[in-house]
Each structure stands twice: as C-alpha cells, then as structure tokens.
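K.L.:
Protein sequence lines correspond, in order, to chains A and B. Take any residue in the first sequence, count from 1 to its spot, add 615: that is its number in the numbering used here. Take any residue in the second sequence, count from 1 to its spot, add 3: that is its number in the numbering used here.
Derived from the structure by calculation, the hints contain no laboratory data. Mixed in with the good hints there might be a few duds.
Said to hold, decoys possible - With a cut-off of at most 25 Å between alpha-carbon atoms, the simulated DMTMM-like pairs for lysine to aspartate or glutamate come out as follows:
no., chain 1, residue 1, chain 2, residue 2
1, A, Lys772, B, Glu450
2, A, Lys714, B, Asp643
3, A, Lys714, B, Glu450
4, A, Lys772, B, Glu592
5, B, Lys405, A, Glu731
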Amino acid sequence: MRIATTALGLLLLSLPVAACHRGAAAPAKAAQAPAAAPAQGAANAAGEAATAPAAWQMPEPDLGYNAREGRALYEHYCSTCHGSEGHGDGFNSFNLDPKPRDLGDPAFQAKRTDEELATVIRSGGAAAGLSSGMPPWGRTLNARQIGNLVAYLRTLKPAEN
Amino acid sequence: MNGPDRSSDRLWTWFAVSSVVFLVVLAVSPVKDYFREYRRYQDGYRRQLLATASTAKELKAAQEESVGIRQIWIPAFGDRVDRCTTCHRGVENPAMARAEEPYRTHPPTPHTPGDFARFGCVACHRGQGRATTRAEAHGDVPDWSSPLLPLRYTEASCGTCHRGLVVPEASLLSSGRALMNRVGCLGCHKIAGWDDWRSKAPDLGGLADETHVEWLRAWLKQPRSLRPNTWMPDFHLSDDEIEALVSFLWVQPGTEPLPAGDPPAGDSDAGKKVFRESRCVSCHTIEGRGNGSAPELSGIGSKASRRWLVAFLTDPHGFQPDIAMPQYDFTRQQVLDLASYLSEELVDPSAPAAGAPFHPAAARVAEGEEVFVKYGCAGCHRVPGRKPSAPIGPELTGVGGKPAALLDFGARTDLPRRLPDWLAAKVSHPRSFRDGLRMPEFGFTPEQVEALVTALLSYDATEIPEAYRVTQPVAHYAPPGRFGELVRQYRCLTCHQMQGVGGDISTAPLTAEGSKVKESWLKSYLLLPTTIRPILTDRMLPFGMAEERAGFLANFMANVFLDDAIPGELFPQGPPAEQAGRGRRLYYERYGCQSCHQLGGSGGYYGPPLDDTPSKLRSGWIAWWLQGPQRWRADVRCPDFGLDARDAEDLAAFLVTPRPAAAKPGAQP
C-alpha cells in the first residue's frame, strides 16, 4: 500500500516535469516550422517561374568574402601580367621572359601548397629560385590579403585549349 | 486499535509525497539545465578537441574545456552582450579551420581574429546576441525583428561604421555604394549622409534645338533600345504619358539659345582625326568600348543635330554648366569637322528618323508637366529656370534595419519574408509589387543587385558610438585665381586629385606634382601629352592649349604643388657614374624593374616608360617614391620593395643619367 502510494505520487509528480520539458521543446518546433515554410514557398515560386515573369531569385554568389577580396586584389595587381583568368596571358606578359605560367593548370595547383604560393607572392619569384620578374608583395599586401589571394588562385580553372 | 496506526500511516504517506515533491522541485532546474541545447554543442566541441589534440598542452586544454555560457560583453559598444561563442566555440581557434559549423575558425577579415573583444559577433552578423538557443539567436524565422544577415551580405555591416563611399576591404559594399552614387537612387530617395550627392544626368533644356521628337519618343519608351549601356532607367511610360512628357520637354528653353543659321560645312575625315587625337574614348564609349564615365557616342548622329553639336562643342559649359566634360581649345574648323564626323559617321541605323516639325499643344504641355512631376524627373535632371523638387520616393535612412513585418510585399507572395530578399526584388523588378508604382526598372545584373542590396543593408538605424564611426574626411579645395579658371575649363578635377579633391581616374594625385616633375617637362606634356600608361584606355587629353597657358599651369604647379618632405635635387653636379652603375645592376638584377617598365627599347608596359626620366622626374622624388610607393595612394601597383635610402638613391642616379639611346634624332652626339 505504502509502496503503491509512493509510486503513484512519483508518477503524478513526474508528469509536470515531463510536460515542462515538452513545453520547452514545443516552441522550438513551432519556431522551426515557419522557418521551413518560406523555403518551400520559394521553391514553389521557382517552379512557377516559367509562367510568372515576376518570380525571380538571386543566384548564389560564386565566391565568399575571402576569395572575393582575393579576386579584387588579383584584378588590381596581378592580372596585367598573369591574365584576367590566370592563364599567364595578361597585357604585360608579352614583354616577360620567362612568361608567367598558367595558374589554373591542375598539375601546378596540385604541386604547390598554399604556403608555397603565399611565399612566392610575399617574397617574389627570386625567393623560390624563380624569375625576379615576379616582384615581392609582402610589404604592399598584408598576410590576410595574401591568404585571400591564394584562396582566389585556388578557384582558377585551366585554359580551354 | 488501528486508529493511531492508520493516522501514522497517513502521516507517513504525506511525508513521503512531500519529500518526493520537494526533491522533484529541486531537480527541475538541474534537469532543465542538463537538456540545454548548447551543452550538446559544447560536448561536441570538447570531443573534437580531444580527438585532434596532438600535444600535451592541447590535450590539457581539451580536458579543461568546461561547460557553460560564454559571452563577449562590450560596454563601449552600446553594452552589447554576444553569447554566440557559447556554441561557436572554435572561432578563435586556428586549429578549427576545417571543422564543421558551429566550430569552424572565423575566416580572416580586417577585424578578425584581432578584434572579437571590440566588436563581438552581432555587430557584423546581426541576430540576437543574448539568446542561447540556435533558433532564437539566428532568428531565421519570418518577421523576426533582427534576423541573422545572410553571409553573402555581411559586408553591409562594414558600412554601418565605415560611412565613406569607398571601403577598400569591402569590395561588394564599395561597388554597391558606387552604383548608388551613379544610377541616381538619391534622386528619389533621401538617405542621411548623402546630402552632398549631385546627379550626373544632363540638364533638360533646349531639347528642341538638340534632337528630333521621334528620337525623344523612342528614348522615353525604352532608353536601352537606343543606348544599351545607358544609366537612364525604364519608367514603362504609356504612349499617352510619353506624348505629354515630350510636349512638356519640347518647350523648355536651354541655358543658351542656339546661334542663328546653319553652321558652315565641315570635313568628316578631318573630324575623325580630331575625334581620335582628342581621345574622346577616354571618357565616352563607342559600341561599349572606352572608359564609360560619359555617354555612348555610336548613335549620337541619329540624336543630335549638327547645328547643336557645333554650338555644344564650342561651349559645352554654356549648355551643361555641371558637365564633367572639359572644354577643349578647338579651332572653329576643328569644331566644324568634328561635328560633321559625329553627325555623319556615328549614326545608329535602327534609331528612328526625323519626321515633321513638332508643335505641341498647350494642353499637352500642362499634362506633360504633371507626368514630369509624377515620376520625379527633376530628382536627376535639372531643367533651366525650374526649381529643383524634393525627392519623391520614401526616405531610405535606416532601411537596412527595417523589420520584415513593416515591409510591403504586395503581390510578391513568392518572396521569403526577409529584408534582403525584399530589397533584391525591389531593385530588380520594382513594379512587380503592385500596380501604380513609379520606381523605374534599371535592368541590373545579379552582381549589381547583390552589391546594391549590400549597400542598402548598410544603412540601418543602429546607433554607432563615436569611437566606432569611420568617416572619410571631406576635403575642400577650390583652385585659386587664373589657375582655378583653367582647372575649371579643362575640368582637371574630373580625373585628377588636388589637395584631396577630385576624381580618381588618374592614378597620380597632383598635390605634390611640383616636387615630382620638372617644370619644362610638365609644360611640354600639357601641350602634347605622351602616353604614360599604355594599359589604360583613359589617358590625358590633349586640349590644344596655347603655349602661354601650358607655361602658366606648369609654373603654378611647379611653385605651389610642393611637398616639403620630398628631397630636392640629389645630384647638383650630375649623377656620379659609379652610383649610376650600381643603380643599373639593382634595376636589372636585384629588383627586376624591367618586368614592368620600358627602358632603352626593352621591358614591360605595366608602369610608365622610363626613357624620358632624365628630363621628366626630379631625382629626390624618385628616391622618395621608391622608399614607399603607396605613400600617396594606398592602391599604387608598384610594389614596395623595402628599399633603403642608398639603394633608392643609386636607382635614382641610374634613372636620371641621360642615355645615348634616348637621344633625339639629329641631336649632337
């Protein structure tokens, strides 16, 4: 009898605790559900895009902040020799001997580590036993900028031909 | 005799029950705490630390990783409390660079990893800093007042403290603000901090003198059908509105009346030569090629009458007082020839031909004025003699922090109910929200939309403490006297900077020009500019100025635009041969200057050719420049080689030594 009463008491008392826990979980679920709804709505809208000219979605950006900063630096400082796509065919490459390499070449990309690329940018070609035609940028660009430049170099694709 | 037994039983029961109740009540708090979401994340982080620890120190750090709420408290920045690091445990740990979120190291930015304690997280990423659950902190639920900023737009937050037009480390924000400055958002929408904005659109007087009505109709119908790269947006005007607007514009007088009578004929071929030699494509485009800061000219002959072209080219500032275009010192014959070339050769076969003379009815003119006011044309275009009107669109100050619940999504039920998506749809298809809206379509590319949304999001209403604000100092400089008159005539400040004022098309500010170049070189350069940077399409314009004017300008700059910090002549007796020889070796072998500079018939074309250095540059300036090329402009492309004074002076000695190869033909050996 005593045991039964105690058990019943425990059971009854555990209910509010369980309810309390469930209560905490419920708003979280409620909060997540509407979050998913607009995504579905957007998907539906994308499905209807063919018929409704107004439906329109922003394409995903091709680069994140770091590679984008790298791209801006590349275009400003590097592309004149290395070419807009990194194929070593920039305006000034015709005057250079040796010519800048194709930075998008997968074999080159695989051979060099990020640190090696950063070293050549920082200290110039001569520091890596290469041409002094590649100047050192370590006093012009800071470590973050050089890191982001390397991040962008990693997105370059090989030349088509 | 069960009575006492039974009552003692009951007492026992009550005692048991109340004990249990007491224990359970005591347990509620620890149990709730045990189930907190962040514990799961912190356990996960500890496990990752233990799994990847490779040194005893790392192992100890992992074992000491305790469970609890972490926060960054910034009393100086509005008493912010950011608890994001409770779950994002690895943001400051470089070993977590490849970990999955929420543990990944924060990527390097100008303010990370150095400034976490100064800015916290919410200042850049938004969301609810004090929350300790994922859903509440990120707030990625519709209509939440301050949801997390999508990562692609994070640069917007740079702009809440950095108020200037250009924020070098935030390229997306900067291009968005540059677009806002260019396309005329400010013509209709006021934004605090943009009070000095001026439209670059032309004044709209005297159109009846300039063009024919068929062209104006086609232009208002769809500007891009005539100039694909124009910034004039498409207002989707009805034919009726166009007819009224054309009538109104047709009767607006210009700043100057056109001289009477047809000007004499000119030679189109000679005009083509003038067009090329005057380097008009330094600013204008021909079929999209050129700098693009001034209008496309490939169809100008189908728009402008030759009579107007002659008058305009003779006195551009009389017709458009605020135009960026310089006034060349053309001869009368050059103007006639140039106008013939523009009107005969640069024609657009698809543009409408001129029809019968147009005489608008007075009633239509009045209707047209209503259309002109309705669409806020005066926001961008000045009409001579008409007062500028207030911007017609809603003010956009604080738009970047508007809660989604306050936005009018109208017919756009397809959009996620979030501010960035609303802004993106608004700038892309402004008329899709409901009928009767007046905002025109600009035809932005997705990249431009992304940049604009980033810029607009940067104008939120967050109070930024003074210590956190970064404003660009606004310089005020008006070139004085006759020098000033000539600077205004040639519009030097459209491209060049003087004392912090002016455009940035030219890479070299003129502020220390007198310390940099020799007066005689400057004079001859003003008379006939040589190409300094072959890679640029925008080059110094030959204005055809008289010798006396060039001499005056050169003399003024040589005596006024000086920087006392820059040494003068280093070699009064001429550069010593030994020093020049050492400089030569440094030039070719040590620093590889020939990669970028042309000298003695070989070298690159990235930087300016150096053959004319002896007659052009001051030796003190060369040595000074070489020891810090980024001193005047942070984005100068010549790398800082970290030269010491000796190397710099040796290089200067080499460069100012006259070279036989550079001697003029016919000169005495």
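K.L.:
Against each hint, give a clear statement of whether it holds in the structure.
P.N.:
Verification of the hints:
1. A/Lys772 x B/Glu450: Holds, at about 21 Å.
2. A/Lys714 x B/Asp643: Roughly 22 Å separates the two Cα atoms, so the pair holds.
3. A/Lys714 x B/Glu450: Distance ~33 Å between A/Lys714 and B/Glu450 Cα, so the pair is violated.
4. A/Lys772 x B/Glu592: violated, 33 Å
5. B/Lys405 x A/Glu731: violated, 46 Å
Checked against the numbered hints above, the structure violates hints 3, 4, 5; every other hint is satisfied.
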